[in-house]
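One line per chain: the protein sequences are A and B, in this order. The numbers in the numbering used here rise by one with no breaks, and the one at position 14 of the first sequence is 14. The numbers in the numbering used here rise by one with no breaks, and the one at position 227 of the second sequence is 1227.
Just so you know, these hints were derived from the structure itself, not from any lab. Errors might be hidden in some of the hints.
[Claimed, not checked] Pairs of lysine-lysine residues, derived as DSS-like cross-links and limited to a Cα-Cα distance of at most 25 Å, are as follows:
#  : chain 1 : residue 1 : chain 2 : residue 2
1  : A       : K104      : B       : K1162
2  : A       : K75       : A       : K104
3  : A       : K88       : B       : K1101
4  : B       : K1153     : A       : K134
5  : B       : K1013     : B       : K1049
6  : B       : K1004     : B       : K1162
7  : B       : K1162     : A       : K134
8  : B       : K1153     : B       : K1049
9  : B       : K1138     : A       : K138
10 : A       : K138      : B       : K1153
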Amino acid sequence: MLCERCGQRQATVHFTEITNESKQETHLCEVCAGEIKPQGFVFAPQLSLQNFLVSLLNQELGGGGYGIPADTVRKCESCGVAEGQFVKQGLLGCGSCYPNFEEKILPLLRRVHGSTRHTGKVPERTGGRARLVKELDKMRDQLKEAVSREEFERAAVLRDNIRQLEKSLEEGAES
Amino acid sequence: MSFKNTLNSAHSKWMDAEGPEADIVLSSRVRVARNLAGIPFPHLLDAQKSEDVIHAVRLALVNKEEPELLGGLEISGLGELSPLDRQLLVDKHLISPDLLKNFQSKAVVLREDEVVSIMVNEEDHLRIQCLLPGLQLKEAWDIINRVDDDLEKTLDYAFSEKLGYLTSCPTNVGTGMRASVMLHLPGLKITKHLGGVLGTIVKLGMTVRGLYGEGTEAVGDLFQVSNQITLGQSEEEIINNLESITRQILTQEHAARNALYNDRREVIEDRIYRAYGALRYARVLTSEEAMRLFSDLRLGLELKMISAVPARVLNELMVKIRPAFLIKSAGRELSGYQRDVLRADLVRKEFEGLPC
Ligand SMILES: [Zn+2]
Ligand SMILES: [Zn+2]
Chain A
1 MLCERCGQRQ
11 ATVHFTEITN
21 ESKQETHLCE
31 VCAGEIKPQG
41 FVFAPQLSLQ
51 NFLVSLLNQE
61 LGGGGYGIPA
71 DTVRKCESCG
81 VAEGQFVKQG
91 LLGCGSCYPN
101 FEEKILPLLR
111 RVHGSTRHTG
121 KVPERTGGRA
131 RLVKELDKMR
141 DQLKEAVSRE
151 EFERAAVLRD
161 NIRQLEKSLE
171 EGAES
Chain B
1001 MSFKNTLNSA
1011 HSKWMDAEGP
1021 EADIVLSSRV
1031 RVARNLAGIP
1041 FPHLLDAQKS
1051 EDVIHAVRLA
1061 LVNKEEPELL
1071 GGLEISGLGE
1081 LSPLDRQLLV
1091 DKHLISPDLL
1101 KNFQSKAVVL
1111 REDEVVSIMV
1121 NEEDHLRIQC
1131 LLPGLQLKEA
1141 WDIINRVDDD
1151 LEKTLDYAFS
1161 EKLGYLTSCP
1171 TNVGTGMRAS
1181 VMLHLPGLKI
1191 TKHLGGVLGT
1201 IVKLGMTVRG
1211 LYGEGTEAVG
1221 DLFQVSNQIT
1231 LGQSEEEIIN
1241 NLESITRQIL
1251 TQEHAARNAL
1261 YNDRREVIED
1271 RIYRAYGALR
1281 YARVLTSEEA
1291 MRLFSDLRLG
1301 LELKMISAVP
1311 ARVLNELMVK
1321 IRPAFLIKSA
1331 GRELSGYQRD
1341 VLRADLVRKE
1351 FEGLPC
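Turn these sequences into a full structure, and let the hints guide you.
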């Protein structure tokens, strides 16, 4: 068998590529096998996520777009970090920077994560309302399940608990 | 105690080469970022404020509720360790190289078996890490989750209902979680399929890096694959996603290895026995060459062509041949050439004791 690539030398290297649907065989000579470079993938560790973020930020906020020097821009009231500093380093100063620079950060989060809403773990003690909301979701599921199984006594208890929780959430929202 | 053991031995639990899919997956790691409410992120802290953060973590360790989880957890300021010992922690994958910058304001917490470690004052106040051998992402997350719960009983975290755990860099906000697997992919490399497979992984929203990735080439055909997105997905979703992508890579790597085994058996055998011979008898060995030979030998092990050197020994050797461990075991400064000689010496001795 001759090499599929050069058609001149004897094929001595046989690759079998198995993709989702098909099995594809490639037969090459030693020379061509050695020459084929990995395709499509550029290994570039210097392009870190943070560098990428900084360039995104520069594109969106800085880069002279506003014509305002970095240090005269608004600062976070809690930590004193200026917007421009954030743009330069890609690092925020404190937790309050998130609400303080919200209108700048949210579009960025949408681009980086494709989302602006946390759906994961909520800390037990400091989770506050989020913890209650999550608990409420869980209880509603349990209620549905209890009803479908015709466990009405359990359903009644769950329903009362849900109402109570909803009420305390509403009160929390008003205050 | 644990720090002394850690710093005198190249061994760590993740090197045990056990757990599911250990023939390709060297280790699984889950790391979460946590910050303390009301305190600026580490890069803004002066020495005193940094010390306050370390002190808070110290208190949380004392107040632990699950002794078997946090038990045996020991904390040490990075400044209390010698430069070699600090580097050794990096080489053993227990801390990141970033923790060595401005080390005076930083600390590390280690569990005795080194499965759990916490970096204090790295990019975030806490980076809690769990490192296990083989493909054990769910297990690692379960441990992290409980350690995190226990710490939170004492520490007030910076958390927002909407955005989750608040982190110094917005790329980590939400779950604050990076899950990763360390994969050995020589089959894909030799069959020239690595580029395509890794390219696909990147398109699926994962990040790929080489081990100790300083240059452009991954050392020893080892690649770390991790999630990129931390917001909008739950921890379980992130873990499941990474696990299913990992399983697809495993299928491809197995196929490549089978193809090599079936079609080019002598070539592969030749490569593996040459690696064995070189490691067994070499008198001068650069770390780059050693890592390449380890990779070949590991492939032979995984294809069951050779059994003389257990994977556990290879995993440990990856740390033992690093400059920090060599200098430490020599007890004096070494030139590059002296290191290459000592490295060959150390590997040779290790192999002498093993049956061929
Ligand atoms: Zn050819
Ligand atoms: Zn701030």
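We went through each hint and held it up to the structure:
1. A:K104 to B:K1162: Holds, because 16 Å separates the two Cα atoms, which is no more than 25 Å.
2. A:K75 to A:K104: Holds, at about 13 Å.
3. A:K88 to B:K1101: OK: K88 (chain A) and K1101 (chain B) at ~19 Å, within 25 Å.
4. B:K1153 to A:K134: Given pair K1153 (chain B), K134 (chain A) holds - Cα atoms ~19 Å apart, limit 25 Å.
5. B:K1013 to B:K1049: 34 Å, violated
6. B:K1004 to B:K1162: Roughly 43 Å between the alpha carbons, so the hint for K1004 (chain B) and K1162 (chain B) is violated.
7. B:K1162 to A:K134: Distance ~12 Å between K1162 (chain B) and K134 (chain A) Cα, so the pair holds.
8. B:K1153 to B:K1049: 21 Å, holds
9. B:K1138 to A:K138: 22 Å, holds
10. A:K138 to B:K1153: Answer holds: K138 (chain A) to K1153 (chain B) is near 23 Å, not above 25 Å.
Figure legend: structure checked against the earlier numbered hints; hints not met, in rising order: 5 and 6.
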